[in-house]
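Going down the list, the protein sequences come from chains A and B. First residue of the first sequence? That's 5 in the working numbering, and the numbers climb one at a time after it. First residue of the second sequence? That's 5 in the working numbering, and the numbers climb one at a time after it.
No lab work stands behind these hints: they were computed from the structure. For each residue, glycine too, the CB sits at the ideal point set by N, CA and C. Among the hints, a few may not be true.
[Unchecked claim] Distance windows between CB atoms, simulated:
(1) 167(B) - 46(A): 58 to 64 Å
(2) 206(B) - 101(A): 20 to 26 Å
(3) 46(A) - 221(B): 47 to 53 Å
(4) 252(A) - 29(B): 36 to 42 Å
(5) 98(B) - 55(A): 47 to 53 Å
(6) 107(A) - 82(B): 42 to 48 Å
Protein chains: 2
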Amino acid sequence: VPRTLKLTIAYDGTDFAGWQRQATERTVQAAIEDALLPIDGERVIVTGAGRTDAGVHAAGQVASIRLRSSIANEILLRALNATLPADVRVLAIDDAPEGFNAQFAAKRKTYRYSLWSDGVVPPALRRYVWHIPQRLSVAAMDEAAAVLIGTHDFSAFQASGGDVQTTVRGVLTSRIETMTPNAATGDGLLAGAVAVPVAMLSGRLICYEITGAGFLRHMVRNIVGTLVDIGRDRLAVGEMRAVLESRDRARASATAPSHGLTLWSVDY
Amino acid sequence: VPRTLKLTIAYDGTDFAGWQRQATERTVQAAIEDALLPIDGERVIVTGAGRTDAGVHAAGQVASIRLRSSIANEILLRALNATLPADVRVLAIDDAPEGFNAQFAAKRKTYRYSLWSDGVVPPALRRYVWHIPQRLSVAAMDEAAAVLIGTHDFSAFQASGGDVQTTVRGVLTSRIETMTPNAATGDGLLAGAVAVPVAMLSGRLICYEITGAGFLRHMVRNIVGTLVDIGRDRLAVGEMRAVLESRDRARASATAPSHGLTLWSVDY
Numbered sequence: 005v006p007r008t009l010k011l012t013i014a015y016d017g018t019d020f021a022g023w024q025r026q027a028t029e030r031t032v033q034a035a036i037e038d039a040l041l042p043i044d045g046e047r048v049i050v051t052g053a054g055r056t057d058a059g060v061h062a063a064g065q066v067a068s069i070r071l072r073s074s075i076a077n078e079i080l081l082r083a084l085n086a087t088l089p090a091d092v093r094v095l096a097i098d099d100a101p102e103g104f105n106a107q108f109a110a111k112r113k114t115y116r117y118s119l120w121s122d123g124v125v126p127p128a129l130r131r132y133v134w135h136i137p138q139r140l141s142v143a144a145m146d147e148a149a150a151v152l153i154g155t156h157d158f159s160a161f162q163a164s165g166g167d168v169q170t171t172v173r174g175v176l177t178s179r180i181e182t183m184t185p186n187a188a189t190g191d192g193l194l195a196g197a198v199a200v201p202v203a204m205l206s207g208r209l210i211c212y213e214i215t216g217a218g219f220l221r222h223m224v225r226n227i228v229g230t231l232v233d234i235g236r237d238r239l240a241v242g243e244m245r246a247v248l249e250s251r252d253r254a255r256a257s258a259t260a261p262s263h264g265l266t267l268w269s270v271d272y
Numbered sequence: 005v006p007r008t009l010k011l012t013i014a015y016d017g018t019d020f021a022g023w024q025r026q027a028t029e030r031t032v033q034a035a036i037e038d039a040l041l042p043i044d045g046e047r048v049i050v051t052g053a054g055r056t057d058a059g060v061h062a063a064g065q066v067a068s069i070r071l072r073s074s075i076a077n078e079i080l081l082r083a084l085n086a087t088l089p090a091d092v093r094v095l096a097i098d099d100a101p102e103g104f105n106a107q108f109a110a111k112r113k114t115y116r117y118s119l120w121s122d123g124v125v126p127p128a129l130r131r132y133v134w135h136i137p138q139r140l141s142v143a144a145m146d147e148a149a150a151v152l153i154g155t156h157d158f159s160a161f162q163a164s165g166g167d168v169q170t171t172v173r174g175v176l177t178s179r180i181e182t183m184t185p186n187a188a189t190g191d192g193l194l195a196g197a198v199a200v201p202v203a204m205l206s207g208r209l210i211c212y213e214i215t216g217a218g219f220l221r222h223m224v225r226n227i228v229g230t231l232v233d234i235g236r237d238r239l240a241v242g243e244m245r246a247v248l249e250s251r252d253r254a255r256a257s258a259t260a261p262s263h264g265l266t267l268w269s270v271d272y
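Between the sequences and the hints, there should be enough to build the whole structure, so can you do that?
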């Protein structure tokens, strides 16, 4: 009888055409399925909690698999990481109940979107932040972000071409945070190792976090595009509610680029 | 009369064949000189404080230039960063006294070498850390690192083929630090934006820092190779002094890979 396992996975989405296996493109799902092939002998299907788009990263993507091999989880984790390319890592492997499906069982997902406001982007962060040359108003953005908390029709933030049954979604948290480097140690944003000394940093890292049971296509990136326009004073704070209530995609701002977005965690 | 300027520069060395301009390879010096060309009309020579090897990063490399253009420093900084590839950033441009040469005027340089001990390397750090699968003994490494402080003949840690007049160098600091993620915010090593949640981290980031007036070829990487062998108990702590005093390259361990090394800062 195959065992059911829960995999927690991190990846740098830069060089992937997204999560989902495709005929010819490099994808995360295909990379993990290919790494499992020599272990189980047959193709193992890896079911991800969320199908991240091309360029989107994950810090805590979750996937489920059914495995015939009786290999110990700790050994499997080492074997997978020894085979996988360095831009995908399996962080943890846990036993899951029979029938566990990472996609359908997911209760909540949290995304984070990273912005670098003003100044100069440290080279080590260039793949993970959207650089906004202006100084963003964090207070205005946070006020607008809070408007989205609750259950709403998010049509205004849905990519065209979506064919879901309902565009109503529940948002549990929606907030802006400013990330501060570790001034105590004089270290930069990458804990002293690889980024830039604090004294040399210009501009700052701003993070948008949103948690919900489910998201429409490009919903987070469309929200971020609108928040950034509010932060750089192209839109008034009050416009967030007007855009939301309009249910009109044309009212929201342009979609933020994929490389600032990270699937941060999935709750079950 | 040309002005003399001091540039502070950060780069991700992964995709560069080092600092120094070469006929065909992509180098940091050539990238900056090429970006200056349209501004000054003629080739401007960029003199770096240290010629980092292929794959080595910089958080605070310093370079000097002489510029005829009267462009304001702040505008020059923006123009350069708009032209340069995203893996090189000019962090600051300051006026320097006539005759300032970033190489000859440098008083001290600090390098950091980043190790990931045990566990799984977060994908966002993979270009910047050397992964050691074992759990390293930080106490033993720090004790051995301290042996190097002072003025010594560092022949044992010099790459073969060096032709310097003296192999005596002064080391001001030589120590190991463990980097701790921000447990207070639950964020990972990359300040919450792009790495891995703290709860998901396994293994840890260990940083070796060394400051001195000058270094022999591959000296830092050869020291790190020996420190890592002490940390994984292949060599006794006391061997560091024995290797140093032997002045014999064959006694030191293998050279640590370039991608863990960062030129952290240069003092004048």
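To see whether the hints hold, each was checked on the structure:
For the pair residue 167(B) and residue 46(A), the beta carbons lie near 59 Å from each other, so the given range of 58 to 64 Å is met. Between residue 206(B) and residue 101(A) the beta carbons are some 24 Å apart, a value that agrees with the proposed interval 20 to 26 Å. Checked against the hint of 47 to 53 Å, the C-beta distance between residue 46(A) and residue 221(B) comes to roughly 52 Å, which is consistent with it. A hinted range of 36 to 42 Å is violated for the C-beta pair residue 252(A) and residue 29(B), which are about 52 Å apart.
Checking the proposed 47 to 53 Å range against residue 98(B) and residue 55(A) shows it holds: the Cβ atoms sit about 48 Å from each other. Checking the proposed 42 to 48 Å range against residue 107(A) and residue 82(B) shows it holds: the Cβ atoms sit about 45 Å from each other.
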